[in-house]
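Chemist: Start from the sequences, fold in the hints, and give me the full structure.
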Amino acid sequence: MQQIIELLAVVFSALYGVLLARRLKLDFVGVYSLAFIVAFGGGTLRDLFLDRHPLFWIGAPHYPVIVFGMSIVAFFLPPLSEHTERSLNIPDALGFSFFSVSGAAAALAEGAPVFIAAMMGAVTGTFGGVIADTLCNRIPSLFRPSTPLYATCSFVGALLYIALKELPAIKPVAAPIAVAFIFLFRLAALRFD
Amino acid sequence: MQQIIELLAVVFSALYGVLLARRLKLDFVGVYSLAFIVAFGGGTLRDLFLDRHPLFWIGAPHYPVIVFGMSIVAFFLPPLSEHTERSLNIPDALGFSFFSVSGAAAALAEGAPVFIAAMMGAVTGTFGGVIADTLCNRIPSLFRPSTPLYATCSFVGALLYIALKELPAIKPVAAPIAVAFIFLFRLAALRFD
Amino acid sequence: MQQIIELLAVVFSALYGVLLARRLKLDFVGVYSLAFIVAFGGGTLRDLFLDRHPLFWIGAPHYPVIVFGMSIVAFFLPPLSEHTERSLNIPDALGFSFFSVSGAAAALAEGAPVFIAAMMGAVTGTFGGVIADTLCNRIPSLFRPSTPLYATCSFVGALLYIALKELPAIKPVAAPIAVAFIFLFRLAALRFD
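Protein chains in written order, with the numbering used here: chain A, 1 to 193; chain B, 1001 to 1193; chain C, 2001 to 2193.
Since the hints were made in silico from the structure, they are not lab data. Cβ atoms here follow ideal geometry from the backbone N, Cα and C, with glycine treated the same way. Possibly wrong hints are sitting among the right ones.
What the hints assert, rightly or not - Chain C stretches covered by chain A per the calculated footprint, using a threshold of three residues with CB under 8 angstroms from any CB of chain A:
1) 2045 to 2053
2) 2134 to 2142
3) 2176 to 2189
What the hints assert, rightly or not - Residues on chain C that point at chain B, a partial pick, calculated with CB under 7 angstroms:
4) ILE2058
5) PRO2061
6) LEU2160
Modeler: Right, dumping it as structure tokens:
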């Protein structure tokens, strides 16, 4: 289960990364670099903070290869027009929901206390995008005056996941429920933005 | 002693972080994120560089909770007016003085040579602010043409601390003396800016 | 051999860093900080990613001292005029060629697979500059629409190094050949930019 969630997190985050890079008209190296940072930036910070080695994408070296393949495909697609920006929200929200839960689960497995584990979920879910925004010289949404509740969705969803895991009857589906919660919460926040 | 200095460093840095975030009119998540990064960014870099695990704020999980509480209180304060910017200098200078000494002390305890330990003091004291400035898309003062001697205060103060610690008669008060030295040096630099 | 390449990488990268800092009219702390980040940023990321401790510049504490000395010398030079910007390309390309090979070699020595090792070469070669650009609020060349093949040179050259090392007859000169390849590839890319 943990592996599937992590794989889906990587795929959707990288999809968001390559589409964003195409919108910014980057060359192939830029596309791959941006997709790599969006997909692996947050989890890398979490792994460094918790001293988990090898890093999750070094221990699973097919992940960078998948992102490499997606970057090649994306590079031959036509650049996205301006008004498709909105459709970027779906892969973004999916990648970030999967990574929030996966990040909290990994922190719990390392024995982190609840508050730290929920924060690690939020870091894993949001910091790929924060680092990518910073490198592209955009102010990360986390630090813009009107944030549509990005990190809040992630933190609350991670807490929900940690709580559901304690209930024996619900434990097996705790992760999918929390992912769905974060995704819907995020889409609702965007709608009312 | 080391614990008290670290605690004061966290409190004053977080105070600076939340006040700055209120000036930038960030929402609650932005306030907490900025305070967190100012308070823990420099020390996290030091801990990663020296391979100290758990990181100081994971090994002392009440630190993030203190910063969380301060962020809640700050969020209900009225936003600061423009001309209070100057008063932000006091908590900033205090947090950075305590962290410079605390950073050098931690590096010495890991067996780092003097030059590296003084640099780690400067990194711990200044990089929380550098990372926060970068994320908010401001040029860190370290890289602006007219820096009022920020990192210099920190580096020289850390060297002073390392030297005083070698004198048996002064050792017990080496840390408070170095903190006071950095704080006054910094205020003097601001005055002549 | 590995030590000589690393030393030359540090010297040329720091030379680029101090000259760039003089162009930006930074004070002494700014000059040293920028040179430090250009020279050690990429290798630090590689070491953190691969859990190599002590970091290469902590394990060889004469490196920061060399960069410190170069910063002092550079600080007393007259600031560079605008049209010397072009001449910065030579130390930049040299530093980045040496670091790309040195980064790949270090990753191989840790047992990283080929794809990861070549990526670590590219990270070591380019991320000092990426971090420095980000801190100075410039968009890193990696993320500008028209990149003159920066990271590509590095990645391909690292792959070449890894391949040549497998040939017993060529192994002793694999590193110099790969460094020369990256350097010439990079200069050619700049010429046709």
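Chemist: None of the hints should be skipped; say for each whether it holds.
Modeler: Hints versus structure:
1. Only residues whose beta carbon comes within less than 8 angstroms of a beta carbon in chain A count, and the region 2045 to 2053 of chain C has 4; three or more means the coverage holds.
2. Interface restraint, the region 2134 to 2142 of chain C with chain A: holds (6 residues with C-beta to C-beta distance below 8 angstroms; minimum three).
3. Counting residues of the region 2176 to 2189 of chain C whose CB lies closer than 8 angstroms to any CB of chain A gives 0, which falls below the minimum of 3, so the coverage claim is violated.
4. Contact between ILE2058/C and chain B, as hinted, is supported at the beta carbon level, the nearest pair being about 6 angstroms apart and thus within 7 angstroms.
5. For PRO2061/C, the interface hint holds, the least distance from its beta-carbon to any beta-carbon of chain B being 5 angstroms, beneath 7 angstroms.
6. For the restraint placing LEU2160/C at the interface with chain B, the shortest Cβ-Cβ distance is roughly 31 angstroms, beyond the 7 angstroms limit, so the hint is violated.
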